[in-house]
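Asks: Here is what each chain is made of, one letter per residue.
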Amino acid sequence: MSVEYLVEPDLDFINQVVGLGGDSLKKCFQCATCSVVCPISPENKPFPRKEMIAASWGLKDKLVGNMDIWLCHNCGDCSTLCPRGANPGDVLGAIRSYAISEYATPKKLAQAVNDPKKLPLLIGIPAIIFFVLALITTMFGDNLTALLGELWTHGVDKNIIAHTNFISTWFVDLVFVPLSIWCTVIFALGLKRFLADMYIDAVTQGKVQNPELNIKELLKSVPIVLLRIIKHEKFNECGENQERTTAHMMVLFSFISLLMVTGIFFFVLYLFHIPGPYHQYNPVKILANIAGISLIIGSALLIKNRLAQKDQVSAYKDWYLIGLVLGLGLTGMATEMARLAGSASVCYFTYYIHLIFVFNLIAFLPFSKMAHFVYRTIAMIYAEYAQRQ
Amino acid sequence: MDKKYCVYICTGCGIGDSLNIEKLCEVPEEEGVNVKTHPFLCGKEGLALIQKDVDDKKANTLMIGGCSRRVNFDKFRFDGCIVDRINLREQVVWSHPRSEYPAPTEEQKDDEEFIDHVQMLAEDYIKMSMAKTEKIELPEAYKLENFSNRILVIGGGITGLSSALDASKAGYKVTVVEKENSLGGYVSRLRMQMPVESPYETLIPPIIDSKIKEVQADSNIEIKTDTIVARIAGQPGDFTVTLKKPGEKIAFDVPFPVPEDQKVDENGKDLDVDQIAEIYKKNNEGREDILTIDPDGERFGAVVLAAGWRPDQLEEKDYAHLGIGSIPDVITNNQFEEIAAKGKIKRPSDGKKAKSVVFIQSPGGKEDDSDFKYCGSVTSMVALKQAKYLREDYEDGKAYVIYQHMRTPGLAENFYKSLQQDPGIFLTKGDVTTVSQEGASLIVKAENTLLGNKIAIKADLVVLAAGMVPVTVDDPIINLAYRQGPGFRDNDIYDGYADSNFICFPYETQRTGIYAAGCIRRSLTIEESMEDATGAALKAIQCIESSNRGVSVHPRSGDMTFPDFFFQRCTQCKRCTEECPFGALDDDEKGTPKPNPTRCRRCGTCMGACPERIIGFADYNVDSIGSMIKAVGIPSEDDFDEPPPRIIGLVCENDAYPALDIAGMNKLSYSANVRLIPVRCLGSVNVIWIKDALAAGADGVFLLGCKHGDDYQCHFVKGSELAEIRMQKIGDALASLALEEERVAQFEVAIDDYDKLPGIINKFAEEVEALGPNPFKGF
Chain A
1 MSVEYLVEPD
11 LDFINQVVGL
21 GGDSLKKCFQ
31 CATCSVVCPI
41 SPENKPFPRK
51 EMIAASWGLK
61 DKLVGNMDIW
71 LCHNCGDCST
81 LCPRGANPGD
91 VLGAIRSYAI
101 SEYATPKKLA
111 QAVNDPKKLP
121 LLIGIPAIIF
131 FVLALITTMF
141 GDNLTALLGE
151 LWTHGVDKNI
161 IAHTNFISTW
171 FVDLVFVPLS
181 IWCTVIFALG
191 LKRFLADMYI
201 DAVTQGKVQN
211 PELNIKELLK
221 SVPIVLLRII
231 KHEKFNECGE
241 NQERTTAHMM
251 VLFSFISLLM
261 VTGIFFFVLY
271 LFHIPGPYHQ
281 YNPVKILANI
291 AGISLIIGSA
301 LLIKNRLAQK
311 DQVSAYKDWY
321 LIGLVLGLGL
331 TGMATEMARL
341 AGSASVCYFT
351 YYIHLIFVFN
361 LIAFLPFSKM
371 AHFVYRTIAM
381 IYAEYAQRQ
Chain B
1 MDKKYCVYIC
11 TGCGIGDSLN
21 IEKLCEVPEE
31 EGVNVKTHPF
41 LCGKEGLALI
51 QKDVDDKKAN
61 TLMIGGCSRR
71 VNFDKFRFDG
81 CIVDRINLRE
91 QVVWSHPRSE
101 YPAPTEEQKD
111 DEEFIDHVQM
121 LAEDYIKMSM
131 AKTEKIELPE
141 AYKLENFSNR
151 ILVIGGGITG
161 LSSALDASKA
171 GYKVTVVEKE
181 NSLGGYVSRL
191 RMQMPVESPY
201 ETLIPPIIDS
211 KIKEVQADSN
221 IEIKTDTIVA
231 RIAGQPGDFT
241 VTLKKPGEKI
251 AFDVPFPVPE
261 DQKVDENGKD
271 LDVDQIAEIY
281 KKNNEGREDI
291 LTIDPDGERF
301 GAVVLAAGWR
311 PDQLEEKDYA
321 HLGIGSIPDV
331 ITNNQFEEIA
341 AKGKIKRPSD
351 GKKAKSVVFI
361 QSPGGKEDDS
371 DFKYCGSVTS
381 MVALKQAKYL
391 REDYEDGKAY
401 VIYQHMRTPG
411 LAENFYKSLQ
421 QDPGIFLTKG
431 DVTTVSQEGA
441 SLIVKAENTL
451 LGNKIAIKAD
461 LVVLAAGMVP
471 VTVDDPIINL
481 AYRQGPGFRD
491 NDIYDGYADS
501 NFICFPYETQ
511 RTGIYAAGCI
521 RRSLTIEESM
531 EDATGAALKA
541 IQCIESSNRG
551 VSVHPRSGDM
561 TFPDFFFQRC
571 TQCKRCTEEC
581 PFGALDDDEK
591 GTPKPNPTRC
601 RRCGTCMGAC
611 PERIIGFADY
621 NVDSIGSMIK
631 AVGIPSEDDF
641 DEPPPRIIGL
651 VCENDAYPAL
661 DIAGMNKLSY
671 SANVRLIPVR
681 CLGSVNVIWI
691 KDALAAGADG
701 VFLLGCKHGD
711 DYQCHFVKGS
721 ELAEIRMQKI
731 GDALASLALE
741 EERVAQFEVA
751 IDDYDKLPGI
761 INKFAEEVEA
771 LGPNPFKGF
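Protein chains in written order, with this note's numbering: chain A, 1 to 389; chain B, 1 to 779.
Output of the computed footprint for chain B on chain A, the stretches with three or more beta carbons under 8 angstroms from beta carbons of chain B:
1. 14-20
2. 57-70
Okay, derived cross-link-like pairs now, DSS-like style, lysine-lysine, Cα gap no bigger than 30 angstroms in a straight line:
3. B:458 / A:45
4. A:62 / B:458
5. B:417 / A:27
6. B:667 / B:109
7. B:417 / A:45
8. A:310 / B:417
9. A:62 / B:353
Don't read these hints as lab results, they were simulated from the structure.
For every residue, glycine included, the Cβ atom is placed at its ideal position computed from N, Cα and C.
Here chain B stands alone, though its shape is the one from the complex (with noise of 0.2 angstroms):
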């Protein structure tokens, strides 16, 4: 592409009335680039200014000065055109207001002492952006050689039987693989189950016939029972599916990497690659390389995983004082559930009628109130179902529910409230201290209760809310030939859960194509389990749709980009494979990196990762970056008695960017020394970036992104927890340099810490100045 350079200034909303719009003409002017300005250039005559230049083919590499890039991208767009935006009054004139960064006066014109702050920014913003889109290009969508638009859904229970009929509502082929040799899962074991319509009071069968005869007569849908999968290759739009029986060993089993324990030998030592290699082939002699497609595979475009939960075990060990494996009539939910199922509530020990029952949904202790694990609002309602179970069979039947939290969201309370009414049904908050066996009844004693102090009650069976523990917990189940292993990754700060955003993105697991629903997920009501269902088949259909465009399907829905790889200058240190986020990398038995982009998210962090600098989207790499670095003034002694210092923001523009814009629109001000730059995320910030900064003569660089840790709100997962794994790193370099640490920071916002901005920016600059002068200034 031949670019065609033009700045557009808007002077509406404040910036005319700051900025002297003539002197920041003079810049893009100097390097022979046209500049024209508007009063109102998103109102009708301003975008028909722009379009006028572009259908004239005067301009196709578009810089436009005025609002945020997060505000009016819908008229500023130009396709064909690269379109730069420039932040000129959110991050300038609005947080920078002239009270406090006082224009020149008339005298003060011509004063070469003068610093006017805020014009200096405004224009290191323009030479910035001219800067950066010398360095990009208009990217080209990535199309796949093979294309399939069926979905795979794994797990025959509700949620992937509704899921099933969702996707082939919409148009698609489905194929549903059950493990067990029949469909319908833990719901068709059922006696009854919750209300799924208003007014939520009374129990009803289980649906989950009519579901499974509805999903029988669809043609769109393929019921594969006594399946499971085997392993899923390839990448969103193209995947190569093995199935097979349960428990057979075929060659297309997934192979597993070398966990981490077989990588040193005996005192501990790190073994050599080759060695690695060598446990790998043992490991997993008879399977195939990922990287082998199997010829009889069977191609799907997405996933949808369903293959819910199991109940949990509890063990004698663990719940002694609860009588669980000593005493035969301390049962848990589901066993209740399957005596339940098969008729009128009876003891375990001896047959007898059970017509007192204690359900206890927490396991007690005095400075614990903590649920059974994997409990929640569903194991509450459980205990309630079944407790009207017991009212059914017995017109004397009492029940007796000891809950630490009893949780019934929504519309539930309404359930809870009809259940409430029964006269044979007691509830109460308390802490269970023991049940034990005296004589044919059991004694369970509780303490803190409603009811006050100390209780015992006498029952003939005592009923344990045993959570609901996700499969994914014991096993993958998807079974990935994917080079970091064949489940989600570090999913134990899911406790498990396939998830990889629970609030902001639901369904999406750590992998793209792989959307989960159902209680592999979280805890849900089988009414909830339906609408998950419609929700991950509306993503798996989101991703096949965005695949077959090249497009990304998320975070950064329709991103043309895709990472692109210089492999002439890679040295194989598998950094980008191992740091991938979503496992978007393979790797051939070089270690040469081989790029999945339909996996790819389109974060950049494979570009911060690399050490060589090889890897770069058309529009986003580590040269343009670089150059918006080295495009920011820096006013040395040459040019005023007290050079103002300089400093590098490097902004995640997921929280942090919209942050600085609503501190803007706030009219928050914020050092005018700072220079912004948004990144993809902070996994993205490769460290030469920073050295660069500090070489040009920057007084200090900060990265702001999101929290990382357990309860991280970094949109690709990992970002911003390996962007402080290598700012600590870059310490050492610094000091080789004799620079102090303190010039580089990292700070953790959330989108609603605008406020906290400010303070946070003004203290790393006051921290800067007061270290004085980057002594490569000037160099």
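Next comes chain A alone, as it looks inside the complex (with noise of 0.2 angstroms):
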């Protein structure tokens, strides 16, 4: 190849990096330490070191479309080793946050997402939505039964403590399944421009073996990446940091149950027209309380990890991401134990800030921190595919 590449570096980039956590990155003298003792990264094109340098030179072409973003696991084997402080790990970690908010659309509210100054917008929206549906239900409950029947009510008793007496099934699930939809439509169109641009960069920069793109022989490649994700193989690979291993597997299984108990009891209650809450011994109960309380445990050990680690930056994104899911088990299980108690206002108040903290987790989804799991997981089914090594 004797075409020269073009510089062209993006200061407003650089700046945006430096706001995500990667404060450190101009540090870098391009020593490559931090790609010798990676040891997740491939012998070809090794990250981070090129992506130190991209990144310091604002070249965001080099950086967004670039899978090598998404191999790294954030061990911090980079940072702990690096002689100039530069903190490779924090630095990829926050361009991963910049990718995020590229591929996402609408660019504000990824924008808003990331910012801490949004935050009482982003909880208040779905607080007021929740409210006036609260409203609707225990102000206008008796009317819509009356008019409604067995439909409205599923059957429950409205003198048991039950959510839907608080805020109905209906409104709940008239909040979250379009909103699932619109989440997975902007997952669908970010990932779309995703593949091509991280397709082209590594062919373009030879770190592939295999430079066709066959979407049934990427297929193949699923069943072992998913495998990889759940045994942990990257995470025990890591020298530095390996004890955030049990709780990021407990936060992943815990929501992974959870998304099947929810899409259970939806099931069932729609095709069956059983309603909740379950009895204790139920199976599906049994695996909701144990996932919600390892989600519990799970995030209060990322927290306990992220505070003891001094060489580690913590960004807001961080923070924001873990508060969530952290609040999601504690409100849970809250609503839970005060239903149980009989406590019927603290139940359903408990219930009322879950609520907000789902709209969180799943509207802001391919905004936040938590859209890696999808961009990983494809960047590394590629990288599989293609035999990136």
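With the hints as a guide, bring the two chains together.
Replies: Spelled out as structure tokens, the structure:
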């Protein structure tokens, strides 16, 4: 190749990455210790040295569509051993955060999710929505029952403590089902661009051995990668920060379990008209309880690890996500406890808070750090398929 | 001086255990010289023993056998006495262990054929000392008739002004000459400068104004702007300086010697002396001879040379691929500084704002990673500084620095770090291949960068790192009225920098009394230049305070001797004048040398050069060393059936002699057939010594001195190199005596080569032994 790469630094990109927790990026003097010590970096065109120079030169085009930023699992070995304190691990984290915003639309929302000043707004919107829905349910519940009968109540006795008596299940699902669809569409749009960018970057940079893109073949890599993710294989290769493996595993498994529980509940309700709350010995309920507890413990451990990590930067984006996860777990379990204890007011109040957390999780999923589960998985699948070694 | 000899032998430090002291004492006793021994001579009692003899006027020529002259020199100092140290410790007993050279057993004591090598070695050294002390005198210092302690500073830039202030604070009168019509030099034309104090992170306004004010307020300092040096005549302590306006032609402009290419005719044949004299007169018509002293000249004791540098002119023919000369927006760092000093950074071609600027630190090329000539850490830092200018001027400015070497020594690293943090400054190593114009922009292409193989950058302006050329490249500046010429000789080995031995002797030039500081010596930052200025000022003061007492400045600081000429026998061959590394000798019309003792560094190169052997020092001369050589006992077949060979080693006392001492301290042993004689410098070795040695029956002679050539380590610049030339010539003389050339050799050692010395000496000793005994032995 004799074509020169035209270097066009983007100062705004540098400033944004700095703002997202990559404030040390300019300290790098390209000794490549990071690439050498990284336990999971490939031999061919290893990261994160090249990402560091690209970041300090503001070469956005070399970074947002770069799969390597996702192959990084943020062990922190590079940051610990960096002789210059440039913290490549944190810089890559900041770049990932930037990339998530870059692929997500609308941009304004992406910026709001990463901006602590916008947090009241992010909380306020669902707070108002659910407040209104609670008002309607409690004020006009009887009228609606009279009008719609069993269809409205799903057969739940209006005198027991049940969430639907506070905010109707209909209302809840009418919020979250479209929200989930919206979220999926945004992800799909982002992923389409990401996959194309990642493919071009990988091929032009000569990172992969397989330069073709065959979607059928690509799908064959999915089970291999999913198994790897489930087992947290990459996490275990890390030198530093090994202890977060358990915590991350707990959180991940909890989310998978809770997703299953919610799905079962949804189908059972609308297909068989069997409403909650389930009996405590119901296998679904047992799974839900275990997942709820493990979500709390897992996220608490993550917080503990982060606080103990003196040489790793924890930016707003990190705290937003962990706070959200912990909040989800705590409010979920508190709602259940209060219900069992027979305190309707406490139960309904915590449920209200819980719904605000859930809204934040789903609505802002493609914009928050949480989106990593999609981008990293896709990058890992592509890397497996295209043989990034 | 009526010499009263006495030998003192210390028996401590293993000397008494190894040697038969009683037998050793017989050596001086046989010559009627007193001997005293003491088990701890450098102790209070031992010293008192010597002092008593001195006080009682029983001894004034003391030969002290014990440790090396390089240790305890302060203790064995007896004013008014000749003191010679006999190195029985490091170079006899420590380096020749009894395990290797056994002492005679009871039965062997009367065996005439038994050879006690160590004892013979010690005895020879005592004999050599007695021979030497007979031939040397107590030196008397050379006193100048006229003396000035004023200091001349050439150059009114940051270095010159700092030097003037430092000298003034130490109480000396200083005159600063500056060729321009105002003080300040290059620093006064800067927008900003590198930081000079902790934390070394941000640019500061140039600090020259306060210096200028300080100098102007100093009553010890006289300032002469619009002035240059026409000539400096005389010698340290007594320089007569003629000043003039730049461009003026005056009678006291210094005459230039006849260049080499004018010393031959069209056929390449050497012209004779008279013809050369004719050419000299023609070349220098209207100029007074160097020996004519300007009656209106100003008198100075020493000179600080701080004439600085000029920006290198980068020629289109040398760097066509970078567009210099052909593209108007490709400029040098110096031009960039001029633009920056005027205001915001604008392009020279159309006056538009230059927001994307590429700084190129190395001319590029795939096989060559060298920088522009005369570049170094300063030009690296200038690029960083100028990148910062751009960022100060434009919030969206982008400054790229492409380098092969980014040098930010010492705390300048902090500055580098802080600049690196600027989001708009981009640094990469890389080979710049081309700079081309595309529309209104420039495209800089580079390969092998940190960003990948081939990159292109769009720029408004490209800045090349032109180096800092010392002004001594263009002009002698000092215009010395010296026979060897007005400037520094062979200065090209220092790339034109005013230097004599960068590592060992900073500020020293090849001319005593002239001390270089600042960018004329090497490229320096402003901060470093100010520090350099202090160093040179102190050197100038040292020179004045040594010249006034008639002692050597350096490196033989405090040496009271100076070369003495027996002119009646001089043949005017001019070899001393030509070969003196410091231009200490002038000559008159007839060619008779005129010594200038305060210019002299006492290396003795003249003494080594003189074919008539009419040059010597009070305590070091052709006869004293010759006598030492002749005092070495040469065992012949009359003494032993198998007489041991004898080898003379003439050892440079600056590096080689201490290295031998260190070998002794480390108990490294070498041949006991070698007799070592310290010399001031191999340049002082007169070939007669080698002839003397071989004629006396020595089997071989070697010279041990410093490295020469480009990276020489000779303390007197040229000594070991001249010795090598002379040794090559001696080969013919040896052949005519039917002696093998291999009997004479020269070895180069550094002071830390002590571990290699035994190998070098033993190998030579074996080779000489293999040649068989010197046929002149026993004659």
